[in-house]
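Student: Please build the complex by placing chain R on the supplied structure of chain X, with the hints as guidance.
Listed in order, the protein sequences are those of chains X and R.
For the first sequence, our numbering gives the first residue as 1, with consecutive numbering after it.
For the second sequence, our numbering gives the first residue as 1, with consecutive numbering after it.
Treat the hints as calculated values from the structure; they're not laboratory data.
Just so you know, these numbers come straight off a predicted model, no measurement behind them.
35 Å max Cα-Cα, derived DSBU-like pairs, lysine-lysine:
id	chain 1	residue 1	chain 2	residue 2
1	X	44	R	105
2	R	26	X	57
3	R	67	X	57
4	X	9	R	59
5	X	44	R	26
6	R	37	X	9
7	R	37	X	14
8	R	105	X	9
9	R	37	X	44
10	X	44	R	67
11	R	68	X	44
12	R	67	R	50
13	R	68	R	26
14	R	50	X	57
15	X	44	R	50
16	R	68	X	57
17	R	37	X	57
18	X	14	X	44
19	R	59	R	26
20	X	44	R	59
Over the 12 Å line for every Cβ pair with chain R, so calculated as not near, a few chain X residues:
id	residue
21	16
22	64
23	75
From the three backbone atoms N, C-alpha and C, an ideal C-beta is built for every residue, glycine too.
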Amino acid sequence: NAGVTQTPKFRILKIGQSMTLQCAQDMNHNYMYWYRQDPGMGLKLIYYSVGAGITDKGEVPNGYNVSRSTTEDFPLRLELAAPSQTSVYFCASSYGSRADTQYFGPGTRLTVL
Amino acid sequence: QQPVQSPQAVILREGEDAVINCSSSKALYSVHWYRQKHGEAPVFLMILLKGGEQMRHEKISASFNEKKQQSSLYLTASQLSYSGTYFCGTENKLVFGAGTILRVKS
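Okay, chain X solo, but in the shape it has when bound:
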């Protein structure tokens, strides 16, 4: 199993550009999550999904959109990138919620200039 994979690993965007961060898992997990981690800070939940077709907002959803058309994939869309979105983005998955372990992808380092 590859676990949780994320692409790209690094990306530089100009202000106002858009992009999609890809996340895929091959563990047949129901739950998937997107976090951002600013330098020296903890993780902030952006969006999460409890299954295909179902998504919900986390702590910091503004400026982002998600979709979940399959169990495996959970892309994160950034529209009109802003410098405040410069961060490391982690995708994670778990079989369920609450008591289940979250498995993290390697992260995408995004810089908006």
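Tutor: Relative to the frame of chain X, chain R by itself:
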């Protein structure tokens, strides 16, 4: 609401012990502990469930006091490999604390 971790940072020598605390203002069902090394993704250590037993990962153990709504992580006879940032997370969308930086020196 974000759980509060203490201390913010701790420096140890190899073989010394440390305790990291995680407190929440809300009632908890479970507490997750993760360790993150610099430039890497967080890695799961253990989950503590309400009414469950104290858990252990190698020489790292943790307890969960539901009444006090807090969890403590105990690092015994610390090793260089324990260095990193430790995060606690609480259920219901998994809100993480700000982290505790642990550095073990030889």
